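Asker: Chains as they are written, first to last, in this note's numbering: chain A, 1 to 111; chain B, 1 to 52.
Derived from the structure by calculation, the hints contain no laboratory data.
Please read all numbers here as calculations on a predicted model, not as lab measurements.
Positions of the beta carbon are idealized from the N, C-alpha and C atoms, including for glycine.
Misleading hints may appear alongside valid ones.
Sample of chain A residues facing chain B (criterion: CB under 10 Å; computed from the structure) [said to hold, decoys possible]:
| # | residue |
| --- | --- |
| 1 | Asn3 |
| 2 | Met6 |
| 3 | Val9 |
| 4 | Gly15 |
| 5 | Phe19 |
| 6 | Ser27 |
| 7 | Phe28 |
| 8 | Ala33 |
| 9 | Leu35 |
| 10 | Ser39 |
| 11 | Val41 |
| 12 | Phe44 |
| 13 | Gly47 |
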Amino acid sequence: MNNSKMWLVVKPTVGVPLFLSAVAIGSFAVHVAVLTNTSWVSDFLSGVPMGTGDQTAALERDAATAQASFDAQAMDGQAILVTLPDGTTARAVIELPKALAAAQSGTLPDG
Amino acid sequence: MSDNDPDKVWPTGLTLREAEEVHSYLIDGTRVFGVIALLAHVLVAATTPWLG
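For reference, chain B alone in the conformation it holds in the complex (with noise of 0.2 Å):
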């Protein structure tokens, strides 16, 4: 029963794939939000006294 086998059954019932799959759609989100604070700050950077 090693981890690659395919048939293990992990302690959240997700299989490998499933995972994945989740993980897939978070670090998705996290590009989003980050390309969104990638523009804020360009945006606060130039309209505000913070960079000078």
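Next up, chain A with everything else stripped away, as it sits in the complex (with noise of 0.2 Å):
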């Protein structure tokens, strides 16, 4: 109890508030600190499962990398290396659809 004299010195209409409300944003900023910085805070106050925020956050991500476009005209035929959502790569060949002859001429059989 020796900083007990400083209420001789700050009035506590004054100190105990202050005392308080720095207590209670320091709470506020740590839990807001959590909350941006994790997935399953997030999760819990939405009442789904811990870790499918994180889960979700993957799926986006991979359909994202998926969704990589090329000039498949000026790269028919070509060779490309592919990075899987595992890290390990792969090498894919682009061909452009091959329309089969009888589409062209537009007798497809019946049925």
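Can you join these two chains into the complex? Each is in its own frame, and there are hints to help.
Answerer: Below, the structure is given as structure tokens:
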């Protein structure tokens, strides 16, 4: 209790609310920091099982990666290096879709 | 008029005994806050991926 003399200099009606506000603001800041830097707090608040946030984020990232577009006409027959989601790479060859000769003449078999 | 003079009138007008009384309430309140926070942290550590 060696700090009690502070109340001889700082009025309690000023010091106590200031002290409590500082604790509240600090606590609020920590909660916001944890909420923005983790996924499991927002999972908990939205009532879904923890870890769902990470899974959806991973899916969205993979979907975005898969949507890379190429100018097929210019690259027909060309091999490209593809990085798979698990980090390994694979070689893919771009082949333009070959229209069937029959389709071009419009004489497709019925049924 | 040294600091230990019981008749000294301080800026806030409180006596040393009153200052110590106010301070004791603040200390007790801080302890209660600490116990509640400790309990909350134990529960979060046990139920969330915080510590793995």
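Asker: If a hint holds in the structure, say so; if it does not, say that too.
Answerer: Quick rundown of the hints versus the structure:
With its C-beta approaching chain B no nearer than about 7 Å, asparagine 3 of chain A sits inside the 10 Å limit, and its interface hint holds. A distance limit of 10 Å between C-beta atoms decides the matter here; for methionine 6 of chain A the minimum to chain B is near 7 Å, and the interface restraint holds. With a cut of 10 Å, the hint placing valine 9 of chain A at the interface with chain B holds, because the nearest CB-to-CB distance is about 6 Å. Taking 10 Å as the C-beta cut-off, the interface hint given for glycine 15 of chain A holds, the closest approach to chain B being about 9 Å.
Proximity of phenylalanine 19 of chain A to chain B holds as hinted, the smallest CB-CB distance being about 7 Å (cut-off 10 Å). A least Cβ separation of about 8 Å between serine 27 of chain A and chain B falls short of the 10 Å threshold, and the interface hint therefore holds. Because the closest C-beta pair between phenylalanine 28 of chain A and chain B is about 13 Å apart, greater than 10 Å, the hint is violated. Because the smallest distance between the Cβ of alanine 33 of chain A and any Cβ of chain B comes to about 13 Å, over 10 Å, the interface hint for this residue is violated.
Checking leucine 35 of chain A against chain B: minimum C-beta separation of about 12 Å lies over 10 Å; hint violated. Evaluation of the serine 39 of chain A hint against chain B yields a held restraint, the C-beta minimum of about 9 Å falling below 10 Å. For valine 41 of chain A, the interface hint holds, the least distance from its beta-carbon to any beta-carbon of chain B being 8 Å, beneath 10 Å. Restraint check, phenylalanine 44 of chain A versus chain B: the minimum CB separation of about 7 Å is within 10 Å; hint holds.
With a cut of 10 Å, the hint placing glycine 47 of chain A at the interface with chain B is violated, because the nearest CB-to-CB distance is about 14 Å.
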